[in-house]
Amino acid sequence: HIHTQSSPNHIKDYKGFWLNYRNINNNNNRHKGAEDKYDYRVSSHVDFAKLFLQPFMAHMTGFNDSCDMSALLGLLCQVGDFSQDIKDAAFKIRSEVRNKWAHCDFSDWTQVFFLRCFQLMEELVRSLKLSTSVEQKCVQDLRDWEQKGVQLVLGDR
Numbered sequence: 285h286i287h288t289q290s291s292p293n294h295i296k297d298y299k300g301f302w303l304n305y306r307n308i309n310n311n312n313n314r315h316k317g318a319e320d321k322y323d324y325r326v327s328s329h330v331d332f333a334k335l336f337l338q339p340f341m342a343h344m345t346g347f348n349d350s351c352d353m354s355a356l357l358g359l360l361c362q363v364g365d366f367s368q369d370i371k372d373a374a375f376k377i378r379s380e381v382r383n384k385w386a387h388c389d390f391s392d393w394t395q396v397f398f399l400r401c402f403q404l405m406e407e408l409v410r411s412l413k414l415s416t417s418v419e420q421k422c423v424q425d426l427r428d429w430e431q432k433g434v435q436l437v438l439g440d441r
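Each number in the working numbering comes from the position in the sequence shown (counting from 1) with 284 added on.
Calculated directly from the structure, the hints in this document are not laboratory data.
Built from N, CA and C at the ideal position, the CB exists for glycine as well.
You may find that some hints are simply not true.
Only pairs whose alpha carbons sit at most 30 Å apart, straight line, appear in this in silico DSBU-like list of lysine-lysine [what the hints assert, rightly or not]:
1. Lys421 with Lys384
2. Lys321 with Lys299
3. Lys316 with Lys299
4. Lys299 with Lys376
5. Lys421 with Lys376
6. Lys384 with Lys371
7. Lys316 with Lys296
8. Lys413 with Lys432
Beta-carbon label-pair distances, calculated as ranges [stated by the list, open to error]:
9. His387 with His285: 40 to 48 Å
10. Cys388 with Asp428: 27 to 35 Å
11. Gln424 with Val396: 21 to 29 Å
12. Val423 with Ala318: 45 to 53 Å
13. Asp392 with Tyr298: 29 to 37 Å
14. Asp425 with Ile286: 30 to 38 Å
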């Protein structure tokens with residue numbers, strides 16, 4: 285009954301992960317640290333995901349462009365319900381791709397490294413066990429972006 289819970293009987297952790305209720309229902313702005321006044325009702329899958337995030341990452345409105353890549357990868361790495369294959373692939377992307385790009389040293393971005401990043405992203409897509417058509421679309425999109433990136437960096441050769 286996570287959608288109707290209230291203090292003090294709310295779920296405090298999920299599979300060993302402390303849930304951050306200040307990230308939902310405008311609790312942080314309304315009540316700051318007064319947790320006894322928080323609205324603990326979780327009304328959507330997006331609210332549920334926000335419980336696992338640090339406050340600066342919890343401003344998303346959906347699993348779309350409003351959601352930071354680091355937040356998504358963090359969810360995949362940390363939430364206990366994902367398989368170890370998914371967690372491992374997400375961790376590799378976060379540490380070897382996303383963080384390297386966010387704190388970019390262009391000397392790291394060789395063609396071999398660039399291609400390895402796309403292999404890791406494809407590995408994550410495959411580990412998600414999406415429907416065949418969705419997986420094929422994602423893999424094709426990655427391959428298109430990979431090719432366009434190589435052309436952008438290396439030019440037409």
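Each hint tested on the structure:
For the hint linking Lys421 to Lys384, the alpha-carbon distance of about 26 Å falls within 30 Å, and the restraint holds. Only pairs whose Cα atoms come within 30 Å are accepted, and Lys321 paired with Lys299 is accepted, the gap being roughly 24 Å. The hinted pair formed by Lys316 and Lys299 meets the criterion: a straight-line CA distance of about 26 Å does not exceed 30 Å. At most 30 Å may separate the alpha-carbon atoms for a hinted pair to count; Lys299 and Lys376 meet this at roughly 23 Å.
Straight-line distance between C-alpha atoms of Lys421 and Lys376 comes to about 22 Å, which keeps the hinted pair within the 30 Å bound. Distance restraint check for Lys384 and Lys371: the Cα-Cα separation of roughly 18 Å lies within the 30 Å cut-off, and the hinted pair is therefore satisfied. The suggested pairing of Lys316 with Lys296 holds, with an alpha-carbon distance near 18 Å, which does not exceed 30 Å. This hinted pair checks out: Lys413 and Lys432 have alpha carbons roughly 26 Å apart, not beyond 30 Å.
Distance hint check: the CB atoms of His387 and His285 are about 42 Å apart, consistent with the given range 40 to 48 Å. Under the hint 27 to 35 Å, the C-beta atoms of Cys388 and Asp428, about 22 Å apart, miss the expected range. Distance hint check for Gln424 and Val396: the Cβ-Cβ separation is about 22 Å, which falls inside the suggested range of 21 to 29 Å. Under the hint 45 to 53 Å, the C-beta atoms of Val423 and Ala318, about 48 Å apart, fit the expected range.
Asp392 and Tyr298 have their C-beta atoms about 36 Å apart, which keeps the hinted 29 to 37 Å range intact. About 34 Å separates the C-beta atoms of Asp425 and Ile286, a value consistent with the hinted range of 30 to 38 Å.
In summary, the structure is inconsistent with hint 10 from the numbered list given earlier, while agreeing with all the others.
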